[in-house]
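Novice: Chains as they are written, first to last, in the working numbering: chain V, 114 to 226; chain U, 572 to 686.
I should point out that these hints are in silico values taken from the structure, not numbers from a laboratory.
It is possible that some hints are incorrect.
Cross-link-like lysine to aspartate or glutamate pairs, in silico, DMTMM-like; alpha carbons within 20 Å at most [as the list claims (entries may be wrong)]:
| # | chain 1 | residue 1 | chain 2 | residue 2 |
| --- | --- | --- | --- | --- |
| 1 | V | LYS213 | U | GLU633 |
| 2 | V | LYS213 | U | GLU650 |
| 3 | V | LYS116 | U | ASP609 |
| 4 | V | LYS167 | U | GLU673 |
| 5 | U | LYS674 | V | GLU171 |
| 6 | V | LYS213 | U | ASP627 |
| 7 | V | LYS213 | U | GLU673 |
| 8 | V | LYS165 | U | GLU673 |
| 9 | V | LYS213 | U | ASP609 |
| 10 | V | LYS213 | U | GLU572 |
| 11 | V | LYS116 | U | GLU624 |
| 12 | V | LYS116 | U | ASP630 |
| 13 | V | LYS213 | U | ASP630 |
Computed spacing ranges between beta-carbons, pair by pair [claimed, not checked]:
| # | chain 1 | residue 1 | chain 2 | residue 2 | range |
| --- | --- | --- | --- | --- | --- |
| 14 | V | THR142 | U | GLU624 | 25 to 31 Å |
| 15 | U | LEU659 | V | THR142 | 16 to 22 Å |
| 16 | U | LEU686 | V | MET123 | 31 to 37 Å |
| 17 | U | LYS640 | V | SER187 | 26 to 32 Å |
| 18 | V | LYS167 | U | LEU686 | 48 to 54 Å |
| 19 | V | ALA223 | U | GLU624 | 41 to 47 Å |
| 20 | U | ASP627 | V | THR142 | 18 to 24 Å |
Even glycine gets a Cβ: it sits at the ideal position worked out from N, Cα and C.
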Amino acid sequence: LAKTTQPISMDSYEGQEVNITCSHNNIATNDYITWYQQFPSQGPRFIIQGYKTKVTNEVASLFIPADRKSSTLSLPRVSLSDTAVYYCLVGASYGGATNKLIFGTGTLLAVQP
Amino acid sequence: EAQVTQNPRYLITVTGKKLTVTCSQNMNHEYMSWYRQDPGLGLRQIYYSMNVEVTDKGDVPEGYKVSRKEKRNFPLILESPSPNQTSLYFCASRSGGTGTREKLFFGSGTQLSVL
Numbered sequence: 114l115a116k117t118t119q120p121i122s123m124d125s126y127e128g129q130e131v132n133i134t135c136s137h138n139n140i141a142t143n144d145y146i147t148w149y150q151q152f153p154s155q156g157p158r159f160i161i162q163g164y165k166t167k168v169t170n171e172v173a174s175l176f177i178p179a180d181r182k183s184s185t186l187s188l189p190r191v192s193l194s195d196t197a198v199y200y201c202l203v204g205a206s207y208g209g210a211t212n213k214l215i216f217g218t219g220t221l222l223a224v225q226p
Numbered sequence: 572e573a574q575v576t577q578n579p580r581y582l583i584t585v586t587g588k589k590l591t592v593t594c595s596q597n598m599n600h601e602y603m604s605w606y607r608q609d610p611g612l613g614l615r616q617i618y619y620s621m622n623v624e625v626t627d628k629g630d631v632p633e634g635y636k637v638s639r640k641e642k643r644n645f646p647l648i649l650e651s652p653s654p655n656q657t658s659l660y661f662c663a664s665r666s667g668g669t670g671t672r673e674k675l676f677f678g679s680g681t682q683l684s685v686l
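The shape of chain V in the complex, shown without the other chains (with noise of 0.2 Å):
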């Protein structure tokens, strides 16, 4: 099992940038790495999602590097709309079907003015 591991809890202040680091040993091969941000009292939403190397998109980067054993989530110049909890997703392989899909803990990031 792809087990993820990340810190409980994460403080920042507005205008900083925040890297948020993933740990999953046992990503297997075909997996992906997806990072989602969940709000108080909603259903979490997709920010994005890497294989390998770099990523970057509108609202974040995701660093991955060459053995896939970890990944880094960066928020740049956060506001305190981004106070939310940030989940790691890698999935599960079982036989080469990769469908129960294992969330971490998840990281509560709070941003202060």
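Guided by the hints, dock chain U onto chain V, whose structure is given.
Specialist: Then chain U, alone, in the frame of chain V:
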């Protein structure tokens, strides 16, 4: 608008009284799943379905049932709810039958309290 719809949003019930939480998606997704969220434990998968009439257990299936008779619907059934099933439940769907490349779309959640 593409969405996953769960009902009800809030539900209070008593131990042993059967209940069903409905989930419907309008994106023609093959894959649907249920998660429960508890403080300090993150999101844990209960059941998932790769397509109509194909379901399988997630990490915490005990005490739950599901069915997938139509592609768009994936109800979660608690035959005899117990207080330890008090939790926030999320339904999610995505296209494709296998792999983690396709992103999940989540419903707004159902807060269940079992007294």
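Novice: Hint by hint, say whether it matches the structure.
Specialist: Checked hints:
no.	hint	result
1	V:LYS213 with U:GLU633	16 Å, holds
2	V:LYS213 with U:GLU650	23 Å, violated
3	V:LYS116 with U:ASP609	18 Å, holds
4	V:LYS167 with U:GLU673	18 Å, holds
5	U:LYS674 with V:GLU171	17 Å, holds
6	V:LYS213 with U:ASP627	9 Å, holds
7	V:LYS213 with U:GLU673	13 Å, holds
8	V:LYS165 with U:GLU673	16 Å, holds
9	V:LYS213 with U:ASP609	19 Å, holds
10	V:LYS213 with U:GLU572	27 Å, violated
11	V:LYS116 with U:GLU624	28 Å, violated
12	V:LYS116 with U:ASP630	12 Å, holds
13	V:LYS213 with U:ASP630	8 Å, holds
14	V:THR142 with U:GLU624: 25 to 31 Å	30 Å, holds
15	U:LEU659 with V:THR142: 16 to 22 Å	33 Å, violated
16	U:LEU686 with V:MET123: 31 to 37 Å	36 Å, holds
17	U:LYS640 with V:SER187: 26 to 32 Å	43 Å, violated
18	V:LYS167 with U:LEU686: 48 to 54 Å	50 Å, holds
19	V:ALA223 with U:GLU624: 41 to 47 Å	44 Å, holds
20	U:ASP627 with V:THR142: 18 to 24 Å	22 Å, holds
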